[in-house]
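**Q** Using the sequences and the hints given, assemble the complete structure.
According to our numbering, the sequence shown holds residues 28 to 286 in order.
FYI, nobody ran anything at the bench for these hints, they're computed from the structure. In this text, all values refer to a predicted model and were calculated from it rather than measured experimentally. Glycine included, each C-beta is placed from N, C-alpha and C at the ideal position. Check before you lean on any hint, since a few could be wrong.
Said to hold, decoys possible - Just the calculated beta-carbon pair ranges, DEER-fashion:
no. : residue 1 : residue 2 : range
1   : G181      : L137      : 19 to 25 angstroms
2   : S231      : I269      : 22 to 28 angstroms
3   : G127      : G200      : 19 to 25 angstroms
4   : S144      : N182      : 17 to 23 angstroms
5   : L248      : D152      : 39 to 45 angstroms
6   : A86       : L137      : 20 to 26 angstroms
7   : P210      : A148      : 44 to 50 angstroms
8   : L248      : A86       : 38 to 44 angstroms
9   : T98       : N245      : 50 to 56 angstroms
10  : S166      : L137      : 22 to 28 angstroms
11  : G168      : E59       : 31 to 37 angstroms
12  : A148      : L248      : 51 to 57 angstroms
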Amino acid sequence: MKNLSPLRMAACVALVVSLSVGFAASAYAYAEGINGVSGKSNGFYCRNCHAGGTAPTVAFGGPTAMILGSTATFSFTVTSNSASQIAAGLDVAASAGTLGLVAGQGTRLLLDEVTHSSPMANDSDGKATFEFIWQAPESAGTYTLFGAGCSVNGNSQRTGDAAARTTYQIVVGADVPTPTPPPPPTATATATARENACVGDCGSDGEVTVDELITGVNVALGVTPLSACPVFDANGDGEVTIDELLQAVNSALNACPVG
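**A** What follows is the structure in structure tokens.
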């Protein structure tokens, strides 16, 4: 091509580019999934090739924290929002770590990304859920899964389909502590707390005000939940009675008992 004029050279380059783009676009209509459309690379995902349908809802599922180098199973669900879009495909990529397959999902690995080998039919709820594996890196940090799901009508064309994308973050560290809930209070401790409480003293300031009395009345009437002022429930039966309101009035008139 060295003897071509600059104008003819530009024309040849344009022709090559247009043929390449046309070939790539036709490949996107195939039932087998492709990689590079998860949204990881410059935001490019399936929507750039499939159009005319109703966008689905997509979501990851799985742990949000993992130990260095550990492996976990994740899910990616594509929920159709159109009765005519009866199946779905996916492409999932990771910012780091290693993706792997779960048997029986109709998926394959293509250049380190998980994509479908054929579209998965929706279940009775319009959902197609794919499972896959991700192995965390050996370095601590926050890593991202990128996923795009395409909801399709099964006509082997790019028309009448639509796609959506999302991300999912996982914190990886040397240890993932499991929170231990505090033990429930014992009956003795609860009873002692009630004995020492001033009935109606919602603010725990040693006195019962008119506003607090009104709160107690509203709790007794069922207008306000007991959680607004639990100390009105002197006997711990889950409700506020007339006797307990009278105790609160007595505390308002004569001050809270000491102790």
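**Q** Each of the hints needs a verdict: does it hold here or not?
**A** Going down the list of hints, with the structure as the test:
no.: 1; hint: G181 x L137: 19 to 25 angstroms; result: holds (21 angstroms)
no.: 2; hint: S231 x I269: 22 to 28 angstroms; result: holds (23 angstroms)
no.: 3; hint: G127 x G200: 19 to 25 angstroms; result: holds (21 angstroms)
no.: 4; hint: S144 x N182: 17 to 23 angstroms; result: holds (19 angstroms)
no.: 5; hint: L248 x D152: 39 to 45 angstroms; result: holds (42 angstroms)
no.: 6; hint: A86 x L137: 20 to 26 angstroms; result: holds (22 angstroms)
no.: 7; hint: P210 x A148: 44 to 50 angstroms; result: holds (48 angstroms)
no.: 8; hint: L248 x A86: 38 to 44 angstroms; result: holds (43 angstroms)
no.: 9; hint: T98 x N245: 50 to 56 angstroms; result: holds (54 angstroms)
no.: 10; hint: S166 x L137: 22 to 28 angstroms; result: holds (25 angstroms)
no.: 11; hint: G168 x E59: 31 to 37 angstroms; result: holds (33 angstroms)
no.: 12; hint: A148 x L248: 51 to 57 angstroms; result: holds (54 angstroms)
Hint check: no violations occur; every hint is consistent with the structure.
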